[in-house]
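Visitor: For the record, the sequence lines run as chains H and A.
Okay, so the first sequence: first residue is 1 according to the numbering used here, each after it adds one.
Okay, so the second sequence: first residue is 1 according to the numbering used here, each after it adds one.
Careful: at least some of the hints might be erroneous.
Taking lysine-lysine and the DSSO-like style, the derived pairs with C-alpha atoms no more than 30 Å apart in a straight line are [what the hints assert, rightly or not]:
#1 A:K156 to H:K222
#2 A:K346 to A:K254
#3 A:K346 to A:K156
#4 H:K222 to A:K219
#5 A:K254 to A:K219
In short, the hints are calculated from the structure, not lab data.
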Amino acid sequence: MSDDSAQLVDAVRYARARQQTLAIAGLGSRAAVAPIADGAVLNVAEHRGILRYQPEELVVTVRAGTPVREVIAELARHRQMLAFEPTSFARDGSIGGMIAADASGASRPFAGGVRDALLGVEIINGLGEQGRFGGEVMKNVAGYDVARLQCGARGSCGVLLSASLRVAPIPDCERYIRRALAVDEVCAAMSELRSREPSLTGLAYADGVLQVRVAGSEPAVKAASARIPGDGGDSEFWRQISRHAHPNLSSPPASGGTLWRVSSAPNAPLTGDELLVDWAGGVRWLALDSPPRQATSAPGGWAMAVGGNRAGSIRGLDQATSDLLSRVRLAFDPDSVFAASSNDARGEAKAVQG
Amino acid sequence: MTTPLVLEMLRANLPAEGLITDPKAIKPFESDGLTAFSAMPWVVCLPDRESQVAAVLRICREHSIPVVTRGAGTGLSGGALPVAKGVLLVLSRLNKIKRIDAQQLTAVVEPGVRNLAVSEAAASVGLFYAPDPSSQIACSIGGNVAENAGGVHCLKYGLTVHNVLGVRGYLMTGEPVAIGGEAFDVPGADLLAVVHGSEGQMVVITEVTLRLRQIPRSKLVMMAAFAVVSNAADAVADVISAGIIPAGMEMMDKLAISAAEDFVGAGYPKDADAILLIELDGDVDEVQANRTAVERVLFAASADSVVVAESETEQARLWLGRKAAFPAVGRIAPDYYCMDGTIPRKAVAGVLQRIGELSQRYGLQVANVFHAGDGNLHPLILYDANVDGELDKAEAFGNDILAACVEAGGSVTGEHGVGIEKLDAMCGQFGRIELEQFARLRAAFDPDGLLNPGKAIPTLTRCSEVGGMHVHAGELPFRHLPRF
Ligand SMILES: Cc1cc2nc3c(=O)[nH]c(=O)nc-3n(C[C@H](O)[C@H](O)[C@H](O)COP(=O)(O)OP(=O)(O)OC[C@H]3O[C@@H](n4cnc5c(N)ncnc54)[C@H](O)[C@@H]3O)c2cc1C
Chain H
1 MSDDSAQLVD AVRYARARQQ TLAIAGLGSR AAVAPIADGA VLNVAEHRGI
51 LRYQPEELVV TVRAGTPVRE VIAELARHRQ MLAFEPTSFA RDGSIGGMIA
101 ADASGASRPF AGGVRDALLG VEIINGLGEQ GRFGGEVMKN VAGYDVARLQ
151 CGARGSCGVL LSASLRVAPI PDCERYIRRA LAVDEVCAAM SELRSREPSL
201 TGLAYADGVL QVRVAGSEPA VKAASARIPG DGGDSEFWRQ ISRHAHPNLS
251 SPPASGGTLW RVSSAPNAPL TGDELLVDWA GGVRWLALDS PPRQATSAPG
301 GWAMAVGGNR AGSIRGLDQA TSDLLSRVRL AFDPDSVFAA SSNDARGEAK
351 AVQG
Chain A
1 MTTPLVLEML RANLPAEGLI TDPKAIKPFE SDGLTAFSAM PWVVCLPDRE
51 SQVAAVLRIC REHSIPVVTR GAGTGLSGGA LPVAKGVLLV LSRLNKIKRI
101 DAQQLTAVVE PGVRNLAVSE AAASVGLFYA PDPSSQIACS IGGNVAENAG
151 GVHCLKYGLT VHNVLGVRGY LMTGEPVAIG GEAFDVPGAD LLAVVHGSEG
201 QMVVITEVTL RLRQIPRSKL VMMAAFAVVS NAADAVADVI SAGIIPAGME
251 MMDKLAISAA EDFVGAGYPK DADAILLIEL DGDVDEVQAN RTAVERVLFA
301 ASADSVVVAE SETEQARLWL GRKAAFPAVG RIAPDYYCMD GTIPRKAVAG
351 VLQRIGELSQ RYGLQVANVF HAGDGNLHPL ILYDANVDGE LDKAEAFGND
401 ILAACVEAGG SVTGEHGVGI EKLDAMCGQF GRIELEQFAR LRAAFDPDGL
451 LNPGKAIPTL TRCSEVGGMH VHAGELPFRH LPRF
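Make a model of the complete structure from these sequences and hints.
Guide: Dropping the structure here:
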């Protein structure tokens with residue numbers, strides 16, 4: 001438990017006055033797949049600790065450097081969990097890194113992601129000013145939603161100091177079902193399940209097997225597992241994908257090329273080359289020699305390289321949105337004190353042209 | 001500059017009858033749902049195509065004419081209040097449901113589509129759109145996004161921001177933007193979230209991709225009556241602590257109960273001090289298991305009675321009183337002023353008591369109808385605008401309620417937005433750094449500040465004047481309070 005906010009504010013002001021750039025670093029757990037930018041390192045990892053947690057309010061407020069697993073363990077003591085499923089890599093990450101990287105796991109299409117659970121943040125902007133946005137209450141439309149804006153911003157809109165996140169009761173019961181399926185039947189099977197099963201928390205496909213996870217109250221899970229065809233599975237597959245440890249997600253891919261994560265309409269046809277399909281079809285992992293094109297053509301589709309020398313570069317952003325992202329970044333950091341990690345707004349603009 | 005030439009340019013880019021210049025015809029647009037404020041715009045534009053929206057914006061930008069976007073005009077904070085010498089851009093004619101995709105669980109709609117129309121259209125394929133503001137028969141999806149509207153079922157299913165996958169629209173420059181779409185996430189900083197609740201100051205929204213959900217297999221509605229308000233408030237926290245998230249959990253106090261009962265005869269107990277309405281949904285067995293658990297919690301919290309409605313008609317009747325609560329209160333007083341503060345659940349009992357004390361002090365009655373599960377209060381302050389000074393008194397009472405919400409760790413608005421109405425209250429919730437940051441963020445979308453000017457975010461000058469009015473030495477009101 002330590003409060004480093006005053007030092008962090010000073011560091012940002014100091015860097016700004018000297019026109020230096022700062023690379024914001026948490027616990028460095030994602031460095032291998034999305035490298036931290038060049039620049040003097042601003043270390044947030046020591047700014048840690050759970051500030052407020054009242055189980056009956058379903059909210060926890062934590063400093064940004066706090067390890068995610070430490071928060072999960074504390075919540076579990078009260079039979080609660082973060083209201084979404086965070087992903088991590090082999091090493092534990094920080095709460096700030098989780099928000100900045102929008103690390104939302106397999107339950108994203110069903111229970112929502114980081115942004116859906118984020119209620120408020122405290123940040124330092126590029127002017128070295130400390131501000132508080134959102135709060136700890138469930139509903140709040142006072143002022144623009146600067147808190148949720150931080151999700152996926154990778155530090156381009158300020159240094160996260162603390163965050164208030166919604167928590168939820170740990171479901172009484174969780175079950176896993178698996179079934180062999182041909183690739184051309186996957187989308188239809190997934191959308192059919194999604195449109196009739198309310199207790200889904202995971203729907204994925206890898207190595208010719210459809211993987212289903214359901215969670216909730218005992219009666220709900222029992223009813224769902226009776227309806228869903230397939231054999232009983234185990235939690236190992238889900239543990240592997242939530243830690244990015246599934247063999248199909250290794251980077252560089254065994255088959256060569258670069259590992260790409262493609263976010264798409266869940267129903268967009270699969271090519272058969274997917275290493276793994278997650279998020280009920282909304283995320284596809286591919287090993288490619290050149291950046292994906294067709295997969296990002298549906299409205300809102302986009303792709304990001306994970307690891308390799310293109311790490312962090314993004315495809316699928318149109319020029320107008322990319323320019324808007326750059327202007328939003330400048331609204332928080334007018335003098336560009338925060339260094340671009342390769343996939344923030346500046347990287348994106350380049351990626352679109354390149 | 002509003003010149004005859006600009007008028008002709010607008011006319012050339014709008015459908016026949018799409019440009020209203022006659023003051024008599026403009027009059028119905030002078031206010032939104034916050035009728036205490038009104039202003040006449042220069043003209044009203046009613047495009048029926050997206051390209052016309054872009055054209056109107058380009059013309060206005062070029063001639064520095066402010067633009068206020070309006071959906072259905074049901075907003076309760078003056079967000080769609082016109083600006084004198086400005087254009088009121090009304091999007092109610094962009095009202096097509098373009099697509100309901102039963103496979104992908106999405107609906108693609110134009111902004112003028114009414115909220116309820118989406119669920120009506122999706123029902124045939126077993127789906128619904130979850131956010132359901134009480135105004136859902138009338139309010140538009142564009143307005144819902146701009147206010148981040150909530151509703152009775154948001155406790156379980158989230159607010160508008162949690163149920164929208166993408167928006168398309170135009171910046172004030174007329175430049176098109178597309179944020180999100182059919183995928184579940186967006187690249188980079190979450191611009192999709194920022195557009196929600198931006199009160200028409202960032203993007204004029206012309207298309208929204210909504211997320212639909214399956215209609216639950218089973219549901220039931222419970223009504224619990226309490227002799228003591230604070231017991232009802234505690235019961236709300238107890239249900240949540242028991243690990244149950246109902247689809248909705250609403251509370252009404254004595255005055256609201258009797259107004260609603262007299263109006264629609266929902267079967268509410270008029271002798272109760274408070275009632276809770278709780279909806280449970282899900283699989284059949286799950287709903288029955290939760291029902292038993294919730295009943296236990298309610299009786300443990302000293303509920304006098306618990307009524308369970310299983311049939312659709314009975315359920316609709318119990319909800320009817322809640323849904324008609326605002327108009328019901330409208331019948332018992334010439335005017336009412338609806339507040340929208342949010343507080344942590346544990347503070348509900350305390351803040352309700354404080355509201356009761358303030359009611360005595362101001363000599364104005366107050367009815368409480370609210371989203372209890374979310375800690376979102378809607379105190380309705382009863383007054384008579386024809387009595388000299390009562391409006392001012394009601395506003396002062398309202399500001400004291402909002403101060404109590406901020407003091408309890410809450411916010412001055414949960415779902416109705418700041419608009420023109422809560423600008424002063426914003427000065428109590430935020431300081432200079434936040435307000436300046438908001439202004440810079442807005443400028444990233446609209447550098448000239450022509451979209452819905454003077455709303456949502458107060459200027460620093462205004463805040464220092466407010467401070468000077470209410471407290472000594474130019475201090476901002478409730479400055480000592482944590483700014484949440
Ligand atoms: C009886 C009653 C009950 C209500 N109950 C609820 C409730 O339960 N929950 C709740 O959240 N609200 C409630 N409201 C408030 C109101 O209905 C909502 O705020 C609603 O979202 C407003 O939609 P609208 O189409 O009427 O928007 P308007 O009032 O027309 O506009 C509201 C704001 O949105 C902007 N806007 C509108 N359309 C667009 C667009 N296409 N692009 C960009 N900006 C746009 C406007 O500029 C304005 O700032 C209630 C109102 C009434 C009268």
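Visitor: Each hint should be assessed against the structure and marked as holding or not.
Guide: Going through the hints against the structure:
no.	hint	in the structure
1	A:K156 to H:K222	21 Å, holds
2	A:K346 to A:K254	21 Å, holds
3	A:K346 to A:K156	19 Å, holds
4	H:K222 to A:K219	18 Å, holds
5	A:K254 to A:K219	27 Å, holds
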